[in-house]
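J.: Just need the whole structure built from these sequences, with the hints factored in.
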Amino acid sequence: MKAIRAINYIVLIIPIILGLIGIQDEEFLIMAALSTMVTGAAQVIIALIMILGKHRNPLLFSYFAIVAVFFLIWGFIGNYEFYIFVIPVMLALYFTYIVYIQMKLEKQKPSIEIRGNE
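FYI, in the numbering used here the residues of the sequence shown are 1 to 118.
Hints in this document: simulated from the structure, not taken from any laboratory.
Please read all numbers here as calculations on a predicted model, not as lab measurements.
Careful, some of the hints might be misleading.
Straight-line Cα separation of at most 30 Å, DSS-like style, residue types lysine-lysine; simulated pairs [to be verified]:
| hint | residue 1 | residue 2 |
| --- | --- | --- |
| 1 | K2 | K109 |
| 2 | K54 | K109 |
| 3 | K104 | K2 |
T.: Structural data, given as structure tokens:
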């Protein structure tokens with residue numbers, strides 16, 4: 001779970017850093033926008049790994065539902081209003097919250113110690 005958290009933070013921070021550098025050079029703004037696609041793809045893959053593994057958090061299922069609704073809206077409506085570009089940012093933050101909650105739940109689980117004959 002620590003690796004998942006680290007990967008998520010890395011793919012989340014890269015667009016932010018590129019966007020901040022983009023204040024000085026506009027080419028970095030384009031790279032920041034493109035890197036958000038990598039962030040989204042990485043988060044969906046991580047969420048799939050979590051669901052197929054031992055993490056059956058209901059928040060993951062709601063995450064996939066929201067992702068599906070986003071792509072349906074994007075595909076069927078087709079007009080690129082501002083709100084459609086806010087949804088991926090909210091999804092990235094929501095997935096980061098899910099990873100945080102999952103890490104917290106794993107820390108609360110009691111560890112089982114197997115002791116020999118005393």
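J.: Does each hint hold? Answer for all of them.
T.: Hints versus structure:
Using a Cα cut-off of 30 Å, the hinted pair K2 and K109 holds, with the two alpha carbons roughly 15 Å apart. Restraint check: the Cα-Cα separation between K54 and K109 comes to about 13 Å, which is no more than 30 Å; the hinted pair holds. Taking the CA atoms of K104 and K2, the gap is near 11 Å; set against the 30 Å cutoff, the hint holds.
Hint violations for this structure: none, all hints satisfied.
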